[in-house]
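Next come the chains, spelled out residue by residue.
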Amino acid sequence: MQSKRKLKAAHIVEALQSEPVDIHSLRKLSISPGGLLSRKLRCQVWPHLLDVTDTHLKCPKNVRMHPECRQVQLDVNRSGGRFPSTMPKEEVDILQEQLTDLILSVLCTHSELNYYQGYHDICVTFLLVCGKQLSFPLVERLSTYHLRDFMVRSMDSTADILNYLIPILEKSNPELVKYIEKSEVGTLFALSWLITWYSYVVPKQEDIERLYDFFLSCHPLMPVYFAAQIVLDNADNIMDGECEMARVYQVLLQTARKTDLPLETLISKAADFYIQFPPSSLSVTAIDYYKDGLAMSTFCDYALVAQHELPDAVLRRRGLYSSDRTESSVNTRPSNADSTHWSAAKTAAVAVGGAVGAAAIAGAVNLLEWAPHLLGYL
Amino acid sequence: MSLKSKKEPQPQPQRRVFKVIVIGDSDVGKTCLTYRFCSGQFQDKTEATIGVDFRERMVDVDGELIKLQLWDTAGQERFRKSMVPHYYRNYSSFQNLPAWIEECNKYCSSSGGIPRILVGNKSDLKEKSEVDTNTAQRYADSHCMPLFEASAKEDKDFANIEAIFLTLAHKLKCHKPMMSGDYPSMKRATVLSIDKELVRKNSDSYCANC
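Chains as they are written, first to last, in UniProt numbering: chain D, 1 to 378; chain P, 1 to 210.
Derived by calculation from the structure, the hints in this document are not laboratory data.
One side only, chain P facing chain D, incomplete, derived with CB under 8 Å: (1) Ser26; (2) Asp27; (3) Lys45; (4) Thr46; (5) Glu47; (6) Ala48; (7) Ile50; (8) Val52; (9) Ala74; (10) Gln76; (11) Arg78; (12) Phe79.
The calculated lysine-lysine pairs, modelled on DSSO-like cross-linking and capped at a C-alpha distance of 30 Å, are: (13) P/Lys45 to D/Lys204; (14) D/Lys182 to P/Lys173; (15) D/Lys89 to P/Lys156.
Cβ atoms here follow ideal geometry from the backbone N, Cα and C, with glycine treated the same way.
I would like the entire structure built from these sequences, with the hints used as guidance.
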C-alpha cells in the first residue's frame, strides 16, 4: 500500500517537473484512486488544474467595504467546525479573518459575482490546503469558471444545473426516478452538495480535499454526476418506506453525510457515468443546456477554454463547441465497467477534452499500461 | 440488505403531520431553535444552513399524537424566490419583519390565515437587547401573532421552546379539523420566522421573530 502511494507520488512529481508541465497526466492522477495524496502535492497541482500561472495575484484593497461583508462575516464566524479540532483558537481566528478577506477579495475583483452561503465552505478548503496567498488566484479562477453559474444574481441557473440529476438517475434506475418524482421531493436536497462541492455534508476534511482533486480535473457538472451516484448507492434505503416528500427528503439529505461514504467507488462510478452519458446525451435537458447560456455549457475543454478564451467570450459563442458529442462517440464500454483505473483514464481524457480527442484517448491507453499499479490502492 | 421482517400490515392510526417553516434573517438562531426542540440539546457550533434542512418530532396535542415537521431554511436572501434587495440593507432583523411576513403571505395567501408565531431568540443576551419586549409585543399583536421570547441556549428555557412549537401545533389543530379522506395530504404550512434585532455587534443579542 505504502509503496503504491509512493509510486503515485513519484508520478505526480514527475508530471509536475516535466517541461512543459504534463497537465494531462496530472488530471488523470487527480481522478484516479487517492487523488493527489497530500496537501503538499495539492498545493502544487491545483494551480495547474485551474490553469493559474500568476500565483502572486495582488489582492484588492479595502475589501471590507464590500456590501456583502456582513453576510460573509456571519457565515465565516460560524465556520469554526471546519477547522481541525486540535487547532488553537487563535489560529482559527486568524484563518477566519483570512477567509473573510479571501472571499471579499474575489467579490471585489469581480463585481458580477454574487456571494452565496456555501461559497465560504469551498473557500475554507483552499485556505487550509494552499494558504492565503495562493488561495486568492485559485479561488478567483474557480469562481469565474466552475462556480460561476452559482454566483449570478438569481439561483435559477443553479436550479437548472441541479435538474441534471434526474436524467442522470433515469439512465441507471428509472424505477427510483419514478419513486422520487411521485414523492415530489424535487432536487433541492442536493443543493448544498452542489454549491459547496460537498463541504457542507462530507464529514472528513481529507475526503473533501480528495473530492476537490476530482472535481478540479473534470467538467463542472461532475459534482452532479457524483450526486447521482450517492443517490443510486442508497436507492434501496430511499425506496424503503412511505413515498412521502418529507421522509424521502430526509433520507436523501442524510445519504451524503455518512461517515463511511465509499468515496473512491463513487468517484469511479461518477466518472464512468460521465463518459457514458455526457451532458449532451441527457435528452431533453441537453437542449436547454446549450440553449440557456449556462457558463457550464461552455466547458467542453476546460484547459483550452482557460488558455484561449475568457468565459464571456465563450458564452457569446456558446453552442460552437460540441465536445460532449465527440466524447460520446468514444463510449464503447459497457455500463458496468467498474475498473477504477480504466475510468480514471477515460475521464481524464474527457476532462482534457474534445478538441484534443484523439490525442487524449491515446493518453488514456498509456495510462492503462501502468494503472495496474494503482489497483488495490486504498 | 435490510433485515426488515415481513410483518402483517398493522392498521395504522391516521396520524396528522404539521409542517412548520422557520424563516428569518441569517444567524438569528433558526437552526439552534429547531435543534433544541427536536433533540433537547443546544448545538454550540452551528454553521450557516445551506438550502433547507429538516427535523421532526412527535408531539402530543390534547391526546392526539401529531408529527411536527420543521423545515429549517437558509437565511440568505438569494435562497428565496422573492428576492427583496432591501432585506439586507439594514442590519435589523426586527425591522425586516414586515418583509418576512409579506413573504409568508405571498406563498400562503390561498390558505388564508396561516398560523404564525413571533420568536425573540437569544433572550439570554438580554443586556444586549435592542428591541424591548413592549415593542415586539405591539408588533406581534398588530399581526395577530403570539410573541415568545426564548433562548435556544439556556437549558432552563427548554420548556419555553416547547411552548412555542406546541402553541403552533395547537393553532394548527384548531385550524384544520380532522376529516376523513384527507390523509395523507393533511398538512398545513405554518411559518415561524426568527428575527434578530438591530445592531448586533458580532454574534450576540436578542432577537425577535415571527
